[in-house]
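Colleague: Letter by letter, the chains look like this.
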Amino acid sequence: MAKYLLLKHYRRSGPEHVPGTDAPMDQWAPEEITEHIDYMRRFADKLTESGEFVSGDALSPEGTFVRYDGEGRPPVTDGPFAETKDLIAGWMIIDVESQERAYEAAAELSAAPGQGGRPLHEWLEVRPFLADPPATAG
Amino acid sequence: MRTLSPQVLGVLVRRGADFATAEDAVQEALIEAARHWPDDPPDDPKAWLVRVAGRKLIDAQRSEAARRRREERVHDEPAPGPTEQADDTLLLLSRCCHPALSPASAIALTLRAVGGLTTAQIARAFLVPEATMAQRISRAKRTITGERFDTPGDVRAVLHVLYLIFNEGFTGEISLAAEAIRLTRQLVAATSTDAVSTADPEIAGLLALMLLHHARQDARYAASGELIPLDEQDRSLWDTSMIAEGVDVLQVALARERLGEYQAQAAIAALHDDAPTADETDWPQILEWYDELTRLTDSPVVALNRAVAVGQVDGPRAGLAALGDIDPGLDRWDAVAAHLHERASDDAEAIRHYTTAADRATSAPERTHLIKQAARLRAAREDG
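The listed protein sequences correspond, in order, to chains A and B. FYI, my numbering numbers position 85 of the first sequence as 85, with every residue one higher than the one before it. FYI, my numbering numbers position 217 of the second sequence as 217, with every residue one higher than the one before it.
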């Protein structure tokens, strides 16, 4: 078993969208948004039942950069940056048998319905977690 | 209690009870035990639990139509007394490691039913929520419901699951490596009652392999969490009594002259453990065992480790030639290439491979180690 982080990118510099699926969510009909959220909730429920769900959440698109600024000084903040290319809209951690299964789960999440109930074909970034080394490796 | 409950479960399952129902019955019997034992401790706790769990089981199966049969069965229940344990453990293990289960489910079910760990403990060991682990276990139970085992199943499937548990090896509240050793010991004990000619020597081979690797556990990590490779480990931290036991177990297994991959892997581990210093490692003999292992399994991981041994015996160029025949897409391929290039004094290539290997590492301690190797060589080049 290995853990994978599935990242939903809100605006990103990754691969190109399938044409007709890149309208921002605030341009969708309310029931389309409801259906989209319901799909993701059902997906998480299904993964819990199959013993593959670890955790997941949606994130606000508003992000602020924070930095240490020296002893006794308050942290420096910067942003939010409206033009940021890579905003993470949400994430899910799964614990699955194989990389193949991780891709299959990500593809299913990517099929969440968007405008008109059509699959969103959203890109998800799949990142493996670093684990413990096996006991027999040396 | 932790050792008794799997034993009681084993008895009920052997008598033909459905797995999930039997487990519920054992839980109920344990609750009864907690209630009654402080005032009235039984002479034979296991027999007491078997008797009570047996009644709970029958209660659970009761229906109007079956009432008469239930009363007959309660009446026929065997008198309390010693119950044999050996073949129950084997039966439980082969049921929990059934080939119909995914490895993750088999591991979870084995730790629960044979190891006697709680669902919460198993969940913490695998860093998943308890609800997720509970689902894994109940799915596993559903999968094997209706699968009848009146004889122990495939021992090789059991060995594979125990090997996987060992390799998970999380330390924390539960060391899965220690847990795997405990379960493998039980399996050895369960099968040693067989005629010696029929028990698979690979069972002892696996136990030896685990002991010989686990003996080095305390030397494998720096305080920083970084992985320390075998040749740099502080050998005074190795557990010599565990090594001695592993060697004994291995020698008995090898004497049976039915070699298998666990015995061959254990032999390699024994040769590493036997060297007082890394330089005194008997690489020619290790290479012979890798050749043997290559005949037993076509695993690319074995081929990769064999290339390391070739490099030690015939020099880094020979090692690189052996590496050339192996798929570079394999985990640790770049790490081996980096090591061999470094030994061949080809630092530029070594740095390149160490960097790639660090990017591809599947564990944090391994990645830290590889990044430092690249940094060390780079610094040496700049100084020179």
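Derived from the structure by calculation, the hints contain no laboratory data. Backbone N, C-alpha and C define an ideal beta-carbon position, used for all residues, glycine too. You may find that some hints are simply not true.
[As the list claims (entries may be wrong)] Have a look at the derived ranges for each label pair, beta carbon to beta carbon:
#, chain 1, residue 1, chain 2, residue 2, range
1, A, D26, B, T297, 55 to 61 Å
2, B, M1, A, E16, 57 to 63 Å
3, B, D327, A, R127, 19 to 25 Å
4, B, T145, A, P80, 39 to 45 Å
5, A, E62, B, D218, 43 to 49 Å
6, B, T362, A, E16, 44 to 50 Å
7, A, K46, B, A318, 38 to 44 Å
8, B, D24, A, E35, 35 to 41 Å
9, B, D248, A, S55, 43 to 49 Å
10, B, D331, A, G14, 22 to 28 Å
11, B, D327, A, V66, 57 to 63 Å
12, B, D327, A, D26, 43 to 49 Å
13, B, A34, A, T48, 26 to 32 Å
[Unchecked claim] Some chain A residues flagged as far from chain B (calculated, every beta-carbon gap over 12 Å):
#, residue
14, P15
15, D22
16, W28
17, I33
18, L59
19, P80
20, D95
21, Y103
22, A111
Colleague: Would you mind marking each hint as holding or not holding in the structure?
Modeller: We went through each hint and held it up to the structure:
| no. | hint | result |
| --- | --- | --- |
| 1 | A:D26 x B:T297: 55 to 61 Å | holds, 56 Å |
| 2 | B:M1 x A:E16: 57 to 63 Å | holds, 60 Å |
| 3 | B:D327 x A:R127: 19 to 25 Å | holds, 23 Å |
| 4 | B:T145 x A:P80: 39 to 45 Å | violated, 53 Å |
| 5 | A:E62 x B:D218: 43 to 49 Å | holds, 47 Å |
| 6 | B:T362 x A:E16: 44 to 50 Å | violated, 30 Å |
| 7 | A:K46 x B:A318: 38 to 44 Å | violated, 52 Å |
| 8 | B:D24 x A:E35: 35 to 41 Å | holds, 39 Å |
| 9 | B:D248 x A:S55: 43 to 49 Å | holds, 46 Å |
| 10 | B:D331 x A:G14: 22 to 28 Å | holds, 25 Å |
| 11 | B:D327 x A:V66: 57 to 63 Å | violated, 44 Å |
| 12 | B:D327 x A:D26: 43 to 49 Å | holds, 48 Å |
| 13 | B:A34 x A:T48: 26 to 32 Å | holds, 31 Å |
| 14 | P15 | holds, 21 Å |
| 15 | D22 | holds, 31 Å |
| 16 | W28 | holds, 31 Å |
| 17 | I33 | holds, 27 Å |
| 18 | L59 | holds, 20 Å |
| 19 | P80 | holds, 31 Å |
| 20 | D95 | violated, 5 Å |
| 21 | Y103 | holds, 16 Å |
| 22 | A111 | holds, 22 Å |
Hint compliance for this structure: hints 4, 6, 7, 11 and 20 are broken, all remaining hints hold.
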